[in-house]
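Start from the sequences, fold in the hints, and give me the full structure.
Read off the chains here:
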Amino acid sequence: MSHLIIAPILFPLLAATLLLLVRRVIPLRVRRSLNLVALVIQILLVSLLVQRVAGGEILVYALGNWPAPYGIVMVADRLSVWMLLVTSLVAFFAMLYAVRGTDAGSRHFHPLFQLQLFGLSGAFLTGDLFNLFVFFEILLLASYGLLLHRGGANRVRAGLHFVALNLAGSTLFLFAVGTLYAILGTLNMADLAVKAAATPPENLGVVRAAGLLLFVVFALKAALIPLYLWLPAAYSSTSAPVAALFAIMTKVGAYSILRVYTLIFGAEAGPVADLIGPWLLPLALATMTIGTLGMLAAHELRRQIAYLVVVSVGLLLTAFALGTEASIGAGLYYLAHSTFAAAAFFLLADMIAMGRGTLADRLDPGPVIANANLIGGFFFVTAILVSGLPPLSGFLGKYMVLNAAADLPSMPWVFGVILSAGLLGVIALARSGSLLFYRAEGLIERTGAAGRHAVGPNWGRLLPIIGLLLLCVTLVVWAGPLSDYTRATAEQLLEPSVYIRAVLGDPPSP
Amino acid sequence: MLESLLSMEALIALIIGVLTASGVYLALRARTFPVVIGLTLLSYAVNLFLFVTGRLTVGLPPVISDQAAGYADPLPQALVLTAIVISFGMTAFIIMLSLKARAELGTDQVDGRLDGDVAPDEHGAGRGGERG
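Those protein sequences? They're chains A and B, same order as listed. Each position in the first sequence, counted from 1, maps to that position plus 4 in the numbering used here. Each position in the second sequence, counted from 1, maps to that position plus 1 in the numbering used here.
Since the hints were derived computationally from the structure, they do not count as laboratory data. Every residue, glycine too, gets a C-beta built ideally from N, C-alpha and C. Don't take each hint at face value.
Stated by the list, open to error - Here are some of the chain A residues that sit facing chain B, going by a computed Cβ distance under 10 Å:
id : residue
1  : Y148
2  : G155
3  : A157
4  : R159
5  : V160
6  : N170
7  : F177
8  : L178
9  : F179
10 : L184
11 : A186
12 : I187
13 : G189
14 : E499
Stated by the list, open to error - Here are a few chain B residues that sit away from chain A, every Cβ distance over 10 Å (derived from the structure):
id : residue
15 : E10
16 : I65
17 : S66
18 : D67
19 : G71
20 : A73
What the hints assert, rightly or not - Where chain A lies over chain B, by a calculated footprint (3+ residues, C-beta under 8 Å):
id : stretch
21 : 32 to 40
22 : 78 to 88
23 : 99 to 110
Take a look at the structure:
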């Protein structure tokens, strides 16, 4: 039993505690470096874990050496480690942007950031349903603090809705977990899978209801229609690095859906098999449609990007809903792309907003921003990336999803929605780009902007954006091995018996 | 014995139901104070629910003993403790947040709209408010 499995959970907690203790003693500059170093170490730890699980081994860590299903286990398989890798990379670049000034004004930004990472890592690694609830609460509590960082009326209002909704969601989660425990008598996910498959007919209704209740909770986290309404306000009103980090938050919901509904209610689950099958695909496609309409209707760039996150959740869950090895693999590839791209876009939108004074990111013609060519170039590249045009990773991800859907009966719906959402997304982004960069107003503003030209581009803030864009380029350059990995992940997910055997040991009788 | 347990279960189920219903009703109100109370009631309901998931038993020992006919399930109690602590912290947080919202927005309306501020045009009012 290697302690490496739990290291990505413990290390951020340690870093958060340290940052909390020294918050008054050590100057901000040092705390920033400490946090960045901690994030680099986190990436290294996760990379070590990637090497361990890439071969297909499922690592199990029993806390306190209590054997499953009696104790809580941490399970590192290809899926959890892939999510961890994406999370730690996004967190690093978000922090790299935050240290350029966003983190000032509150001593607790750095500890909260690490606590958020702690909650995220725990949620991805845990093999216990109640423990998943606990880590959800940890990441949510940290996210409340981060969302409200530096306050302001907008953030407080959006935060109030976000917190109230998530509290209601937590209550539902507990009801669902309680029901499952009352009927099946276990909370370990592998054990739940075994017990759920053997549900006696008289309890079938209750177990199904609990399973669908869980789906509601995860759909709320993932911002699936009709539970996405909290997202645009929350993401567009918070500070840029927090929004960039939150790009992974909806993916926690998507991860939970993938995990629970392939493992506990998956194809091998007998009477409760394929529980959300009839729901997920239509809802995911509807989410894409609504998100795209939101992008077209948005009057602020950041709100538009928030709707873009909704669209990407729709596409992601469409891929998961198709349920084949190829589609889930494609979805996981797209997950990494959409997280990096959305994070980069949120950071870029912040830079654009800062260059436009009081107009901020409102989509109205305004003054020429400083270094318009450079920032506009970045906008162009990012827009191509997120709207899924070749040659960047958005195109590859979408192509892989479409390719996986080509032979399925739902093909016309999937193709129709994904392609028209893509087209409308391009139109919306092209309109924003032309409003922000081409229809910028004339001479009076130009003198002001010319004065700012002397300042030169803020490379410190551009660096994390470049980093995130390079990650997307990496996704293209190493598309072969990476999509092999995600494909192998999907293969592993579709064989829950392997996971169950890894956690519970070999069954006494086959 | 059996009847008393049956009625006990009915009573607990009724309490959970009433708490949940009141919680949902209050959480849907337009002001922050009822919303907070509603969420608290919801968390009470779910805590009670979790507690009952181990089944209601009378006089059964939680630890191993020779004469025991059966055992009380200790796990739900641990779950309830965890859930209580979490909901306690969350309630404290949302109370502070409501107070902050009252101070920042000048109203305890959950959408931050002032009293009697009727929105003739939902879209315009929403956006105007956000910039405020």
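Each hint, compared with the structure:
Given the 10 Å rule on beta carbons, the hint for Y148/A holds: about 6 Å separates it from the nearest Cβ of chain B. With a cut of 10 Å, the hint placing G155/A at the interface with chain B holds, because the nearest CB-to-CB distance is about 7 Å. This hint holds: A157/A has a C-beta 5 Å from the nearest C-beta of chain B, less than the 10 Å allowed. For R159/A, the interface hint holds, the least distance from its beta-carbon to any beta-carbon of chain B being 9 Å, beneath 10 Å.
Using the Cβ-Cβ criterion of 10 Å, the hint placing V160/A at the interface with chain B is satisfied: the shortest such distance is roughly 5 Å. The closest approach between the C-beta of N170/A and any C-beta of chain B is roughly 9 Å, which is under the 10 Å cut-off, so the hint is satisfied. At about 9 Å, the closest approach between the beta carbon of F177/A and any beta carbon in chain B falls short of 10 Å, and the interface hint on this residue holds. Of the supplied interface hints, the one on L178/A holds, with its beta-carbon coming within about 4 Å of a beta-carbon of chain B, less than 10 Å.
A hinted interface residue such as F179/A counts as satisfied when its beta carbon comes closer than 10 Å to some beta carbon of chain B; here the least separation is about 6 Å, so the hint holds. Below 10 Å, beta-carbon pairs count as interface contacts, and L184/A has one with chain B at about 9 Å; its hint therefore holds. With its C-beta approaching chain B no nearer than about 4 Å, A186/A sits inside the 10 Å limit, and its interface hint holds. Look at I187/A: its Cβ gets to within about 9 Å of chain B, closer than 10 Å, so that hint holds up.
Annotation: G189/A was flagged as interfacial toward chain B, and the flag holds, the nearest CB pair being 8 Å apart, inside 10 Å. Because the smallest distance between the Cβ of E499/A and any Cβ of chain B comes to about 29 Å, over 10 Å, the interface hint for this residue is violated. Once the 10 Å rule is applied to beta carbons, E10/B is consistent with being away from chain A; the minimum gap is 12 Å. Here I65/B stays apart from chain A, with its beta-carbon at least about 15 Å from theirs, past the 10 Å limit.
With a minimum CB-CB distance of about 20 Å to chain A, S66/B clears the 10 Å threshold, and the non-interface call stands. The non-interface label for D67/B is consistent with chain A: the shortest C-beta to C-beta separation is roughly 22 Å, beyond 10 Å. Every beta carbon of chain A lies more than 10 Å from that of G71/B, the smallest distance being close to 14 Å; the non-interface claim holds. At roughly 14 Å from the closest C-beta of chain A, the C-beta of A73/B stays outside 10 Å, upholding its exclusion from the interface.
Counting residues of the stretch 32 to 40 of chain B whose CB falls under 8 Å from any CB of chain A gives 3; the rule of at least 3 is met. Proximity of the stretch 78 to 88 of chain B to chain A, defined as three or more residues with a beta carbon under 8 Å from a beta carbon of that chain, is established by the 5 residues found. Beta-carbon proximity to chain A at under 8 Å applies to 5 residues in the stretch 99 to 110 of chain B; the threshold of 3 is reached and the given coverage holds.
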